[in-house]
Every structure is written in C-alpha cells, then in structure tokens.
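Asks: One letter stands for each residue in the lines below.
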Amino acid sequence: MTAVLGKDLIGLASLTPEQIRLILDTAEPFKDVSERPIKKVPALRGKTIVNLFFEASTRTRISFEFAEKRLSADTVNVASTGSSVQKGETLVDTARNLEAMRIDMVVIRHPSSGAAEFLGNRIRSNVINAGDGKHEHPTQALLDLLTLRDKFGKIAGLKVCIVGDVLHSRVARSNIWGLIKLGAEVAVCGPRTLLPRGIEQLGVRVIDHVEDAIQWADALNVLRLQLERMEAGFIPSVREYYRVFGVTAERVAKAPRALTIMHPGPMNRGVEIDSRVADGPHSVILAQVTNGVAVRMAVLYLLAGGKPELADAAKGAAVPD
Amino acid sequence: MAVEILELARGTDDLALIGIQRRGVELAERIAKLIESQEGVVIPRGALDITLYRDDLETVGPKPVIGPTHIPGDLAGKHVVIVDDVLYTGRTVRAALDELADFGRPQRISLCVLIDRGGRELPIQADVVGATVKTSPGERVDVLVEELDGRDEVSLIRPVRAEAAT
Chain A
1 MTAVLGKDLI GLASLTPEQI RLILDTAEPF KDVSERPIKK VPALRGKTIV NLFFEASTRT
61 RISFEFAEKR LSADTVNVAS TGSSVQKGET LVDTARNLEA MRIDMVVIRH PSSGAAEFLG
121 NRIRSNVINA GDGKHEHPTQ ALLDLLTLRD KFGKIAGLKV CIVGDVLHSR VARSNIWGLI
181 KLGAEVAVCG PRTLLPRGIE QLGVRVIDHV EDAIQWADAL NVLRLQLERM EAGFIPSVRE
241 YYRVFGVTAE RVAKAPRALT IMHPGPMNRG VEIDSRVADG PHSVILAQVT NGVAVRMAVL
301 YLLAGGKPEL ADAAKGAAVP D
Chain B
1 MAVEILELAR GTDDLALIGI QRRGVELAER IAKLIESQEG VVIPRGALDI TLYRDDLETV
61 GPKPVIGPTH IPGDLAGKHV VIVDDVLYTG RTVRAALDEL ADFGRPQRIS LCVLIDRGGR
121 ELPIQADVVG ATVKTSPGER VDVLVEELDG RDEVSLIRPV RAEAAT
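Top line first, the protein sequences correspond to chains A and B.
Quick note on our numbering: the first sequence kicks off at 1 and runs consecutively.
Quick note on our numbering: the second sequence kicks off at 1 and runs consecutively.
If you're looking for bench data, these hints aren't it; they were derived computationally from the structure.
Note that CB positions come from ideal geometry on N, CA and C, so glycine has one too.
Far from chain A, some chain B residues (derived; all Cβ distances over 10 Å):
1. Val3
2. Glu4
3. Pro106
4. Val160
With a cut-off of at most 20 Å between alpha-carbon atoms, the simulated SDA-like pairs for lysine to any residue come out as follows:
5. A:Lys39 <-> B:Gly46
6. A:Lys69 <-> B:Glu58
7. A:Lys134 <-> A:Gln226
8. A:Lys181 <-> A:Gln19
9. A:Lys134 <-> A:Pro196
10. A:Lys39 <-> B:Gly104
11. A:Lys40 <-> B:Ala101
12. A:Lys31 <-> B:Gly73
13. B:Lys33 <-> B:Ala2
14. A:Lys254 <-> A:Gln215
15. A:Lys134 <-> A:Ser57
16. A:Lys154 <-> B:Val65
17. A:Lys40 <-> B:Asp55
18. B:Lys134 <-> B:Pro159
19. B:Lys33 <-> B:Val3
20. A:Lys69 <-> B:Asp55
21. A:Lys40 <-> B:Pro68
22. A:Lys39 <-> B:Ala76
23. A:Lys40 <-> A:Val289
24. A:Lys40 <-> B:Pro72
25. A:Lys39 <-> B:Phe103
26. A:Lys39 <-> B:Pro106
Please construct the entire structure, taking both the sequences and the accompanying hints into account.
Replies: Right, here's the structure in full:
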C-alpha cells in the first residue's frame, strides 16, 4: 500500500473529501492516547522530525512537538532567529543540510505563501505545512473540522461563518476548502477591506453585519485581527472594529440557537471577541487545542511509512494476523 | 476454552479478559459471558488495538482504521488473558504485550486463541487454544463471528495459483 495522503500535506485544497475524512477518523484513536497514563505509542519510533519555524508560533509548534513525541519520534526545533537563516542561507539549502543529517519529515511554518510546496518539491522528506503566508494552514482547519464534528456529529449541512480578517488568514482559506469539501455551508463576515475580492467564487456567502452572521450560523470561527496590519489602514481603529464586528455577549445572546464559538488563537480579547463569549458555555476554543494534538498525530502517522520500495523488499514476509 | 481459562486462572478473582481488535474483542466478550453465567461474577474485559505498536508501519504503511482501545481499570495484580482469533507469526501478540505494559503491570499475562495456525516468527505460544490447524504461508485463515460478520465460521483459504488465475 502506498502512502494514503501522498508525500506531503500542503493544504486542504488538494485533498479529496475521503482523505480529509480519513484524517479525522484516524485522529479519533489518537485522542485516547493523550488520555492514557503513558501518553506515548511507538508508531514513529526511530523517525526524525525537524520543526522548521520561520515565524513566531506557540500553539502550533508545541502542538506538533507533542504530537511527534507522543508517537515516539525524535524531534529537533529550528527557529529562524539564532539559526543560519539569519546569515542568509536559503530555505532549500537549510533543508538540504538537514536532510544530509538523515531526517524523515519536516514541519514548516513560513511567512511566504507557497513555501511548503516549494520545499516539498525539492526534498525527499515528507513535508507538512504548519502555515505558509496567506496560503494554507491545513492542520488548523483539520482540528476545526474535528471539533465541529465532535460537537454536531457531522459536518455536512452545518452553517459555519468565519468572522474577521479573512484577507490575511491562511486559517480561513484552509477552513473554507475543508468545510466545503465536507458539505458545510460557509459564510465570511468582516469589513470589506479585510475580505478577499471575489471570495464568493469559492462558493462562500458574504455577510456584511455580524448580527446577521449570528442569526444565520450554527458556529462562528472568529479570526484574530492581525494587529500588526493596523498601520496599513485596513480598518479605522481597533475600538471601531470591536464596536462594529466584535463578537460580544450582547450580540451572541440574540442567536436563535446555541451558537458554537471557535477561535484559532491567539485571541485578542476585547478586539475581535468578548471574554464573556470566549469563556462562555458554547465556546469550544480549548477543545480545538486538545484536538490539535490528535489531528497532528494522525497526519504524521498517515504520512509516515508505506514506502512501496520497502514493501517490495519485505514481500513474502508474513503480515501479522 | 472458558473452562480452561478458569483452570488457568484458578478462579475469577483477578481475572481480566482483553480482546485484540477486532474479532478477538468479540471472542473475549463471549468467553466472559460464559464464565459469568457459570460463576455468577462480572469479569472485567477490555479491547486492545495494536496498530500503533506494529513493527511494519515502514513497509506495510498505515492502516486506515484504528479501533478503540479500552482497558478496564488498573491492571496491577491482575491476571490478564489476551484473546485473539488467529495466532500466526506472533507479531500481533508481541505488539499487544508491549501495549499492555504501557497500561500497567499485570501479575500475569496469558494468551488464548481460537485457532493456532502455526508459522511462528517469534517465541510466543498460546496457553489456551480452540483448535490447531496446519497451514502454509500463502494460505489464509479467516474467522467470522456473528456479531461482526453475521455468522460464525472458520475457513482456510488456499491461494489461487498464478497460472490458474491467468
């Protein structure tokens, strides 16, 4: 059997609905592993994984590292600061040098869209995209899908609205691909300056007022307002943004049904989301974080192994009953 | 087999049955029910999926479906009987032993299989065997159980010769 996901995980745009469902189904038993007294299984014993982070990250990097360690892989973390990247080494040179030390997988976070695919096409190791520019953040979308599936039992037919800075968000892009492939209805809501032009062509509805989004949706995925972009004049001010688009307790109280609240983190409390909502009874924000480890374990597990050439060599060797 | 397990465990006091996914789980359930109806006690039982403990991920690749693993409470001091449908190379049992060790330290672990088909690649033997069948490597032994397959059946499947297939 060849690897079921191919060599790399770059984004959800290139996955089939079956592959996405396979990852979610595979994540289920990995949830249990993290609840065991010994939170470790030997599935990736002897594999070496490099976490190559060219951008700040806490949650994603630690989540990947936990996932790798709970699968018994050996891990090395490389950050752009304090590495030879600062001396001007190119991405491919860095990765090839790492490969020369016999690694098996690279998890990459990079500010440039397309960096993960670029690297995947140039090295033999499996490459997992942990966020590339404004392109995709597939494992975040997968953990969002898993959290929604846990909550609602299925994805098909759900109405999910992504609220906020969609323009700069790779989380939004990956979510849109994943949700649509699994049959959900997707809307985006935010200031027009922060919505990509032509986003309707992805099959997404645009809702201008957050009050309307709350009326429409089963779940809101509230994005972080990327404060570092504020100088660029996308919105008048943070206070203005909160007044018009903030997901506040008063607004959520008018929802016709219990509205599930998601946020990929890190949260700007009082900017895009009200603390009373973030910590409220319908928030699944911490469940998302828990599911992140399971989903990443599933992806690592599915990408590892299944090397056809090795399978040929082992032919004749009996498969255990 | 239920009687043999009782003899082996000298009673039901510390006994726990753990089936290996998937057919082993059903067999463990049946044996536990038999013991319960005879002895009038509840036997703790669990399920083990050994997929993540296999030694052939590199060659065979990931298995798409991983079943649930459920261990009944603390294993320390217990006499755990692993139940599986077919014993062949012994690699599954090796993986199960490793996995059990991550859940605790039973007093004793025994092995109970419905069919022993020979062909061991590891020094592992069953303590309780339903039937021993002589087979060769190309053949397959399929155990069907009513709970999953709609009927109880054990069949020996001989490979179709390559010449005959063309």
